Structures are given as structure tokens and as C-alpha cells.
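Based on the hints, put chain S in the right spot on chain G.
Given next are the chains, with one letter for each unit.
2 protein chains.
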Amino acid sequence: MPITTEVIANPKAGRIRRVAELTERKGRKRAGRFLVEGPQSVRELLTWYPDVVQDLYVEAIGTEPDAPFLTDTVAQMAGKAMQAGAYVHKVTHAVMRHMSSDSQGVLAVADMRGFLDAAGSVESLDDDAMVAAFWQVRDPGNAGTVIRSADAAGCAAVMFVDECVDIFNPKVIRSTAGSLFHLPVLAMGTDEFFAWCDDHGLAVYAADVYGTDARLPEPLTDVLSEPRTTAGAKAVLFGNEARGLTSEVLNRTDRIVSIPIYGKAESLNLGTSAAVMLLSLAMSSHVERM
Amino acid sequence: MPITTEVIANPKAGRIRRVAELTERKGRKRAGRFLVEGPQSVRELLTWYPDVVQDLYVEAIGTEPDAPFLTDTVAQMAGKAMQAGAYVHKVTHAVMRHMSSDSQGVLAVADMRGFLDAAGSVESLDDDAMVAAFWQVRDPGNAGTVIRSADAAGCAAVMFVDECVDIFNPKVIRSTAGSLFHLPVLAMGTDEFFAWCDDHGLAVYAADVYGTDARLPEPLTDVLSEPRTTAGAKAVLFGNEARGLTSEVLNRTDRIVSIPIYGKAESLNLGTSAAVMLLSLAMSSHVERM
Chain G
0 MPITTEVIAN PKAGRIRRVA ELTERKGRKR AGRFLVEGPQ SVRELLTWYP
50 DVVQDLYVEA IGTEPDAPFL TDTVAQMAGK AMQAGAYVHK VTHAVMRHMS
100 SDSQGVLAVA DMRGFLDAAG SVESLDDDAM VAAFWQVRDP GNAGTVIRSA
150 DAAGCAAVMF VDECVDIFNP KVIRSTAGSL FHLPVLAMGT DEFFAWCDDH
200 GLAVYAADVY GTDARLPEPL TDVLSEPRTT AGAKAVLFGN EARGLTSEVL
250 NRTDRIVSIP IYGKAESLNL GTSAAVMLLS LAMSSHVERM
Chain S
0 MPITTEVIAN PKAGRIRRVA ELTERKGRKR AGRFLVEGPQ SVRELLTWYP
50 DVVQDLYVEA IGTEPDAPFL TDTVAQMAGK AMQAGAYVHK VTHAVMRHMS
100 SDSQGVLAVA DMRGFLDAAG SVESLDDDAM VAAFWQVRDP GNAGTVIRSA
150 DAAGCAAVMF VDECVDIFNP KVIRSTAGSL FHLPVLAMGT DEFFAWCDDH
200 GLAVYAADVY GTDARLPEPL TDVLSEPRTT AGAKAVLFGN EARGLTSEVL
250 NRTDRIVSIP IYGKAESLNL GTSAAVMLLS LAMSSHVERM
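Line by line, the protein sequences give chains G and S. As numbered in numbering that gives the first Met the number 0, residues 0 to 289 make up the first sequence, in order. As numbered in numbering that gives the first Met the number 0, residues 0 to 289 make up the second sequence, in order.
There's no promise every hint is true.
Stated by the list, open to error - DSSO-like cross-link-like pairs, simulated, lysine-lysine; straight-line CA separation at most 30 Å:
no., chain 1, residue 1, chain 2, residue 2
1, S, Lys28, G, Lys170
2, S, Lys263, G, Lys170
3, S, Lys170, S, Lys11
4, G, Lys11, G, Lys25
5, S, Lys79, S, Lys28
6, S, Lys170, G, Lys263
7, G, Lys263, S, Lys28
Unchecked claim - Each pair of labels, with its calculated beta carbon distance range:
no., chain 1, residue 1, chain 2, residue 2, range
8, S, Gly13, G, Tyr86, 38 to 48 Å
9, G, Asp126, S, Glu122, 48 to 58 Å
10, G, Arg137, S, Ser100, 13 to 23 Å
11, S, Gly78, G, Arg16, 52 to 62 Å
12, S, Arg137, G, Gln75, 47 to 57 Å
13, G, Asp126, S, Leu215, 25 to 35 Å
14, S, Gln82, G, Ser224, 37 to 47 Å
Please keep in mind that the hints were generated in silico from the structure rather than gathered at the bench. None of the values given here were measured: they were computed from a predicted structure. A virtual CB, placed ideally from N, CA and C, is assigned to each residue, including glycine.
Next up, chain G with everything else stripped away, as it sits in the complex:
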């Protein structure tokens, strides 16, 4: 599509108001669309899912029809979006601010159904595949960070289990730094998760400091050195930020694993735990395979 040369300067324009509504879950549900903010996330979206991008909003300097883009990066995004067949709209700084507080000059609107259809399924898993699963994760920043760590660890998928934050929350997407577009991220109930792992032949490892009355956690150091850990397909399940995993959930897992703490810290937060657990399992499995 050709770029519209006119610069949108009115924050109250119907189109702008409708984009701003996508910051709320209700607005996203009604429109079936979601927002992707900032050059890094937008670039990854355009690279991996060009067909789901409907509109790209780019910040221009001034309001003349030939007003230049805010930065070269923004101009590149505009070019990529046009190539992908999306509508590109130039907007003023004030209009951009009205839609997003963290766009760095570029903002995409994408089709939710189209993205889920293209991204949201896991066909088959390797024998040593790892899936990262998060039970009742509520904080958007945490959710984004753990998706990024799962991506870095080469996970085959991310599961958000039970009541979790909406993955289309703009804060989640921003915190993934593009990783949302690198691997399937699925949402499912607790029963469905355990059935899915069973169907796909995944052992479920719970990341938990306390374990249950009947079962103490195994230290990660022990788990890393075992051939069955490094070889087998597995899902690693992390609990809620404040409450961890319930005994009921822990009882349904195959192993309970804790990260050893060598100093005086009581615990690690969710983002840190997930990074350490997922990356060290990945490193250990890749070293064994060499």
C-alpha cells in the first residue's frame, strides 16, 4: 500500500482514538487487534509475521506532507511495512504520545486472530525439546522477561497456564523485546497443560524452592549432571510471583527442582529464576549433545 502523505495531527481523530483503546484488554477484544510498540518489537513482527500487520504509525517531524521521519530506524520500519502491504500513517509527536508512551516513533497494529492462527500451535517436538511454562504469572513485565529468556534458551514454546496476564498487553510485548514473535506462546488451563505434556511425551519439572511435605526439591546442580535430564523432552513449570506453585500442582509434576542459593538471599524473583533454570538446562543439554 502506498504511504499516505498527510500527517495526522489531531489526537482526537477516530482512527487514533481506536488505536489508543487497544492498550486495554476490552478494546483489544472488541477490535480483534493488538499494539506493538517500538522499533525492536516492530522489526521482529514485520520480519516473522508481515501478513498480520494492518497499520503502521510512524512519527514525523512537522506536519507538511513531505515531513521527514523521526529517525532513520523509523524510516526503515515504514519501508518494511509498505513492502508487507500494511498501511503506513505519518503522525505528529502529540498524536503518537496519545497512542503510546513508549513507541520511540513507531507503532504497529496487528490482527490478533491472524497472529494466533499463524503462531499459536506446536506441531511436533524434538526428543530433547524444552518448553517453558508459567502458572498464574500476573505481572506484565515479568511475563515479557520470561518469554525473552525462554527464547534465548531455545525453548520450543511458552505456555501461560491458568489465569495469567494477557500476552497481548502492550507491557508484556514491550518486555519481550521481540521474542513474542520468535516462538509459540500459548495460554491454557492447568488440566489442559498436564494433558498436553502427556500427549507430547514431556516430563514436567516444577521450579520450586519448598517442594511438598512428601517431596523435597532436588538441587538444580544434581539435575544438570544427569543424562536423563539433558536428553529427555521436558516442560519446566514456574509458579506465581508471590505464591509459587500449590501442593496440588506440585503433586502432578514429575520432578521438583530448586536453584541452590549460596549466599544469604532468601530467594530469587521469577524473572531471575526462569533465566537461570532455563539457560542452565539449555547449556547443559547442548554440551552433552556435542
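Okay, now just chain S, sitting in the frame of chain G:
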């Protein structure tokens, strides 16, 4: 000291205004005092440095002289502080809000000089000691998170090298979740840091994805399996959130180590990198020692 029974209800009281000024660096410098907010951090402060606590502000329900504390945890902190010889002041919710947005009912004022004298030096290091060092870390949340990870990894100390965020920034302290009181946290210049490592017989490992033109990073997986890594005393140096480490700094380090990335993520953020690098080095060294 006995607790004052009167509940402070005026947010404009001179004492309250002076506490609120400690959220700013200028205010802390002038007063020589710093703020510690929330039950977890206050408990760790009272446990490890009871002598530096000067005042404890606790939230009461109501303004009667016998007004109850906000929670049992708050009451416990009040008891601990009295035992330590600190002044305990009851305040209303509005007064507490005026001093801190994240106190959960309890706030301590501590003596900066006293704390630095008691905490700020490293006498001697074990043969396999690890020190975590951060060059030009600027974000308070990041700084707190990495101190917590260094604590969990059993580091002997944390160094903030060159221009870093002030460790007495309340956001830093809050993000450490008490770890600031578990290990020495020192601030020093770049030259001073390398001289210090030399004096203490520490090899300096740089955590860096790119390396220099002359030296590519070694993958962490290789480094972890080497006896000289697991046995020797070392400092692990991390760069600025956005710019990493300069070539000039990298050239002064003994090794450059990168965390392998198995998926499509471009990089890990500082908090994640520090957690993975420090905890995996710690796990590897503890396993070797067994």
C-alpha cells in the same frame, strides 16, 4: 528507646519533611542518612546492622495514643527496632505515604557513614571467591536485582565501577530485597577497580556478547567446564545496560565470556545476564568442590 505513643498525623511536620528529602541524592548527602522501605529490607537491616538504624516509622490505624499497628509484621519490626535502640514513631497512613510510596507500613532511617564503615570493606578473599562488578549501571531496578543475584550466587562483594546509580537510592535498596545488607557493596573508579582486583589476586572475566576486534568471547559453556575457572578467584564484570563495555575496558580484562543464545533472541538484559552468569559459575564451582 521507648516508643513514642503519640501518632504523627501531620505530613508537614519538620521531621516528616526531612525524611521525605532522603528520597533524593542531595537530601541524603546533606543529612548523611538513607531510607530503607518495606518489611523485608527493614528486617534484614535490623538483623545485620541494628546499630545504624536511627529511626523507625511505623504505620498505625487511627490517631489515638494506643492505635494498633497496621499489621503484625509491622509490630514485629517495631519491637526489633526498639531492641536495637532506635526511635520508633507511629504515623498515619497519609504521613507514611508522604515519606514513601512503597513502605508497606514500615520505613527505617539509617546512618550512611556508620553503614559504610561497618559494611564497605573486604578484608580477605577465599581462593575461589567470586566478586560481581558492574560498570556504569544506571537503572536503579537493575542495580538492585543484580545485587540480589550476586548475593544468591554467594559473591564475596559487589563493585559498582565508574559512574553508577547511587546504591542508597531507595529504588535500588527496594530491588535488592534485603541483599544490600548481606554482602559489601563498594563504589570505585575503573582504574581503582583493576588495581583492586590485581591486589586481591582476582582474574577479571568480562561478560560481553561481542568482544573486541582482537578477541572473540569464549562461550560460557566452555568456561564452566574448565578447572581454572571453577578453582580460581575472579571478578565478573558486566557493562552498561545499553552500551555494554567499551573496548578499552575489555582490553584490560583477562577473559571475555558470553552466554550462548540458542533461540532467536538477540541478547539478554543486564539482570538476566548477571543472574545466569553468576549462578552458573557458582553452581559449577560448588559442584567441583564437592
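Verification of the supplied hints:
1. Lys28/S / Lys170/G: Roughly 35 Å separates the two Cα atoms, so the pair is violated.
2. Lys263/S / Lys170/G: With Cα atoms ~20 Å apart, Lys263/S and Lys170/G stay inside 30 Å; holds.
3. Lys170/S / Lys11/S: Holds - the C-alpha atoms of Lys11/S and Lys170/S are around 23 Å apart, at most 30 Å.
4. Lys11/G / Lys25/G: At roughly 20 Å apart (the allowed maximum being 30 Å), Lys25/G and Lys11/G satisfy the hint.
5. Lys79/S / Lys28/S: 27 Å, holds
6. Lys170/S / Lys263/G: Since the Cα atoms of Lys170/S and Lys263/G sit roughly 20 Å apart, the hinted pair holds (cutoff 30 Å).
7. Lys263/G / Lys28/S: Status holds; Cα separation ~29 Å.
8. Gly13/S / Tyr86/G: 38 to 48 Å: Roughly 60 Å apart at Cβ, these two residues miss the hinted range, so it is violated.
9. Asp126/G / Glu122/S: 48 to 58 Å: Holds, since Asp126/G and Glu122/S (Cβ atoms, about 51 Å apart) stay within the stated range.
10. Arg137/G / Ser100/S: 13 to 23 Å: Since the Cβ atoms of Arg137/G and Ser100/S sit about 20 Å apart, the hinted range of 13 to 23 Å holds.
11. Gly78/S / Arg16/G: 52 to 62 Å: 55 Å, holds
12. Arg137/S / Gln75/G: 47 to 57 Å: 27 Å, violated
13. Asp126/G / Leu215/S: 25 to 35 Å: 31 Å, holds
14. Gln82/S / Ser224/G: 37 to 47 Å: Taking Cβ atoms as reference, Gln82/S and Ser224/G lie about 45 Å apart, which means the hint holds.
Violated hints, listed in ascending order, are 1, 8 and 12; each of the other numbered hints is respected by the structure.
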